Each structure stands twice: as structure tokens, then as C-alpha cells.
Amino acid sequence: MFERKRIVITGIGLTAPNGNNLNDFRNALLSGKSGVEKFETRYMGQVVAGTCDFDALKYQNKRELRRGTRAGSIAIYCANEAVGDAKIDMTSVDRSRIGIYVGTTEHGNVETENEIYNISKYGYDTQFWTHHHNPRTVSNNPAGEVTLNLDIKGPHYCIGAACAAGNLGLVQGYQMLQLEEVDCAIAGGVSESIHTFGIFAGFKSQVALGTHELPEKVSRPFDADRNGIVVSEGGCLYILETLAHAQQRGADKIYGEIVGYANNSDAVDFVLPDADTQAVCMQKALDFAGLQAQDIDILNAHATSTPMGDQQEAKAINKIFAASDNTFVNNTKGHIGHAMGAAGALELAGNLPSFQDNVIHPFLNLDNLDPECEVRNIVSPDPLKRVPIRYIMNNSFGMLGINSCLIVKKFEK
Amino acid sequence: MTRAEVRQAILNIIEELVPDEDLSNIDDKEKIRDQIELDSMDFLDIIMELRKRYGINVPEDDYPNFITLEGCMDYLAPILKDR
Numbered sequence: 001m002f003e004r005k006r007i008v009i010t011g012i013g014l015t016a017p018n019g020n021n022l023n024d025f026r027n028a029l030l031s032g033k034s035g036v037e038k039f040e041t042r043y044m045g046q047v048v049a050g051t052c053d054f055d056a057l058k059y060q061n062k063r064e065l066r067r068g069t070r071a072g073s074i075a076i077y078c079a080n081e082a083v084g085d086a087k088i089d090m091t092s093v094d095r096s097r098i099g100i101y102v103g104t105t106e107h108g109n110v111e112t113e114n115e116i117y118n119i120s121k122y123g124y125d126t127q128f129w130t131h132h133h134n135p136r137t138v139s140n141n142p143a144g145e146v147t148l149n150l151d152i153k154g155p156h157y158c159i160g161a162a163c164a165a166g167n168l169g170l171v172q173g174y175q176m177l178q179l180e181e182v183d184c185a186i187a188g189g190v191s192e193s194i195h196t197f198g199i200f201a202g203f204k205s206q207v208a209l210g211t212h213e214l215p216e217k218v219s220r221p222f223d224a225d226r227n228g229i230v231v232s233e234g235g236c237l238y239i240l241e242t243l244a245h246a247q248q249r250g251a252d253k254i255y256g257e258i259v260g261y262a263n264n265s266d267a268v269d270f271v272l273p274d275a276d277t278q279a280v281c282m283q284k285a286l287d288f289a290g291l292q293a294q295d296i297d298i299l300n301a302h303a304t305s306t307p308m309g310d311q312q313e314a315k316a317i318n319k320i321f322a323a324s325d326n327t328f329v330n331n332t333k334g335h336i337g338h339a340m341g342a343a344g345a346l347e348l349a350g351n352l353p354s355f356q357d358n359v360i361h362p363f364l365n366l367d368n369l370d371p372e373c374e375v376r377n378i379v380s381p382d383p384l385k386r387v388p389i390r391y392i393m394n395n396s397f398g399m400l401g402i403n404s405c406l407i408v409k410k411f412e413k
Numbered sequence: 414m415t416r417a418e419v420r421q422a423i424l425n426i427i428e429e430l431v432p433d434e435d436l437s438n439i440d441d442k443e444k445i446r447d448q449i450e451l452d453s454m455d456f457l458d459i460i461m462e463l464r465k466r467y468g469i470n471v472p473e474d475d476y477p478n479f480i481t482l483e484g485c486m487d488y489l490a491p492i493l494k495d496r
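Order-wise, the sequence lines are chains A and B. Start counting the first sequence at 1; every next residue gets the next number (the numbering used here). Start counting the second sequence at 414; every next residue gets the next number (the numbering used here).
If you are wondering where the hints come from, they were derived from the structure by calculation, not from laboratory data. Each hint should be verified, as a subset may be incorrect.
Derived lysine to aspartate or glutamate pairs resembling EDC-like cross-links, with alpha carbons at most 16 Å apart [what the hints assert, rightly or not]: (1) A/Lys410 / A/Asp370; (2) B/Lys442 / B/Glu483; (3) A/Lys38 / A/Asp53; (4) A/Lys58 / B/Asp433; (5) A/Lys62 / B/Glu450; (6) B/Lys465 / A/Asp125; (7) A/Lys62 / B/Glu483; (8) A/Lys121 / B/Glu462; (9) A/Lys62 / B/Glu434; (10) A/Lys5 / B/Glu428; (11) A/Lys62 / B/Asp455; (12) B/Lys465 / A/Glu115; (13) A/Lys33 / B/Glu450; (14) A/Lys315 / A/Asp357; (15) A/Lys62 / B/Glu428.
Keep in mind that this is a model prediction, so the values were computed, not measured.
With the sequences and hints as input, model every part of the structure.
Here is the structure:
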């Protein structure tokens, strides 16, 4: 077994439905501010979604915006923000030693739907199909657009991992740093999925699309009246480096250190999650990090506000954490909906400031806890002050039974 | 369409492709791609817009006509004269 390098987070760039930088996002989570609103979508009329309002022209011009995709635009925004946050001087760094690893739930649906709609106006004559289609829909597009924007010559690709993709983008970056493939990884996840009507229609047909009179109340993980998810767009990309590299270039902040992860598969069902395998995943992550359940201070539940999914995860959490009086459980999807490929990455970011301010943000819309979702130390409805906070566990699970779990530690020299 | 209207129709298309560029001083006789940042994909966008807006199908062999604005006008004016 080779000796693992210490891998740290030195920059964060994000856009969430309730904030376009870490400070705003964090404040929104602490103050219970939702980013879910009414949203118009083709063929389905009005639904609700988490939409992002970051300035897409901050790092792209109009031509670039027109040429690329929304996922690319989100990735470019987040990557630039992260690079700026980490104070990486792109003019002096070796850009062939930067890698880009972006988790996505899906890619290509938005562009394909748009083009089919476009040619429908011309009697489905494929002469009207755009020549931009292929470069827009290849699965590496979101990561590739970042290389074009930042003139990065290192490796880039997307990691397709359903709703576990945000965690897995980070894992990929971590692994590539261990292998010394790159000196710096821009890693995380993005989602443009709200711009495809198909995802809403699919969830609706599955009877998994949430409803409520008020948009901001639709997403209500663990609540007894939850009835489905909210689809959201968003993005969160991190700068990951070895500790040695961060120190050598004089990085002035370290948000945390990645100390463990696990990734496994239920092998049970296309859609329904399996509590037993999720529990194995959490245990594996603990084992990797050399920790006990008791050591985890914050556990961010994946919980998407579906009746079955939340219940299975609660069961899994209880298998591992029932005996821990130190583990406080929170959730982010009540505030921002389900940001798909960005979810895991955004949800981790929402908790990282807890290492500094010792406050744990609460669930949102948990008005009436479902007894089937009862776990110890749920943080709701108010933020909780807790000292110390040293370890965060971040759960992300997805369709086809994909499970991921990431553990981040407060940085200590 | 008059020759001047054809010229404007082409510039309208190019304007949408490169909204950040200033087209007011474009020289009709110089290569378009020496004056404005347009790549081969943008060029195909021009061809596509001609198809969408005017129903014109430009065969690939005729693409060299579109190197200068004057070339575009020479090619399109006869086709568009009755529009």
C-alpha cells in the first residue's frame, strides 16, 4: 500500500439556487432561505425548480455563451471563482498540470431536446439540425469548456454518476492527485438538468415529482408530508491540492482535508435505494478514514424528499450511527432542491464553514418528522452551535443504486 | 431585396453570432475572417441562418463565395432579388 498524500481543499466556486458564492450560500442555509421557485418548462407548463442567477458574462463573453452549453457555463463560472478563491495565478502555474474532473448526472438531454424542438418548426427536416450539437452533447463538454476558458492543458473529463456525481468528482480529483497525474485538481459537480423538460416529465411519470401550494415548501426531506423531489441546477467546483503543494505555493486558506471516501453499488433496483448497501458505504468510508461513527460531527443526508428514498437512508444512518450521540444530521435539499450532479459538491460546501464558525445549519421544511425517518440529533429548525466540529460526512446516492460517501476533516497541521 | 438590403441581412446574421464585435467598419472586399473573429463553426451558422431565414440551401462547393462580404452579396443578391 503506497503512502497517501494529504489532500486539501484550497478554493471553492459555486452557484446554488440561493447563492452564488460560499458566503451567500452559507448565510442562506443558516437563515432558512429557499432557492426554489416557479419555473416554466416546455410541454409541462409550470413546475418548480431551483434556478441559478449567477452572472454568466462574468467569465464568458456573449459569443462563448452562445457557442457553449448551460452546464459548461456553470462549470466555467465555478472554476473561475474557485481559482480566484484559491489565489492561483494562472499566468505562472503549469496549466498542463491542472486536471478538471466534473461530476454530472446526465449531459446532452438539454441540447437534444432543444434541437428536436428546433427542427419541429421545419417539419423535422434534419438539414436544420445544428452543427454545434455534437460538441455540445459529448459527455465531457462541461469539463472541456473549462479547459477552453482557462486555457488548461491537463486532463479533463466528466464523471457520470447520477446523483452521487458531486462527491465522485471530488474523489476523482483526490485520486489523480495521489497518482501525481496533476498538481491541482478542479473537481466537483454541475447540473443544467432543469433545462430539459424530460427530467421533470420522467420524475412525474415515476410519481416522484414533489408538489405543494408554495414552491419553497415542495422540497421537505424527512418530513411526514413529503411527496417528491425538486429538480435544480447548480454547480460547485473545488481546488484540490496536496498539502505539500498548497504550502509550497503559499495557499492562504484550507477549507478542509479529504480523509476518507467510499463508493459502492446496491445491485438491487434501477430506482429504489437499498439501506443495507448505503450503510456498508458509510462504514467503508469510516474505515478508510480510520474513524468510528462517534467521530463524525456532521452528517449531511442525501435525502431528496421522496417517500422511499429518505426512509431508506434514515434506516442506513441508524445502522451505523444509532449509538453515536456526537453525530448531528442535517440536509440541504430542503433549501435548494436536488441539484443532481452538483448536489454532493454543493452540500459539502454548505457545511465546510462549520469548521470555522462551529455552527451546523438545519434542515428546511422539516415541520413534522416522519417517524420512519427518525435518526438521532436531527438539526432542525434552528442552526446548532457545537464545539468542536472536526469531521463532516457527506452522503450522495443515485439511481442504479450508486452510493458515495465522503469524509472531510477540519484542517490541522 | 436590394444589394444594400442583402448586405444588411448578412450583417444581421453575423451580428448575432459575434455580439461583442463592432461591425461598423467592415471592409466588403477584405476577407471577413481577417476582420472579425469567426471560425469554421460560425461560418456554418451563417449558412444555417440563410437556410432558416430565406430557405436558401448553399451547396458546399459554393462556400468559397462567402469569403468576403462582396462575395456574399454577389452570390445572394440574384437569389434574393425578388424577396
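Hint by hint, here is what the structure shows:
no. : hint                : verdict
1   : A/Lys410 / A/Asp370 : 32 Å, violated
2   : B/Lys442 / B/Glu483 : 6 Å, holds
3   : A/Lys38 / A/Asp53   : 14 Å, holds
4   : A/Lys58 / B/Asp433  : 14 Å, holds
5   : A/Lys62 / B/Glu450  : 13 Å, holds
6   : B/Lys465 / A/Asp125 : 11 Å, holds
7   : A/Lys62 / B/Glu483  : 27 Å, violated
8   : A/Lys121 / B/Glu462 : 14 Å, holds
9   : A/Lys62 / B/Glu434  : 10 Å, holds
10  : A/Lys5 / B/Glu428   : 51 Å, violated
11  : A/Lys62 / B/Asp455  : 13 Å, holds
12  : B/Lys465 / A/Glu115 : 14 Å, holds
13  : A/Lys33 / B/Glu450  : 43 Å, violated
14  : A/Lys315 / A/Asp357 : 30 Å, violated
15  : A/Lys62 / B/Glu428  : 11 Å, holds
Going through the hint list in order, the structure does not satisfy hints 1, 7, 10, 13, 14.
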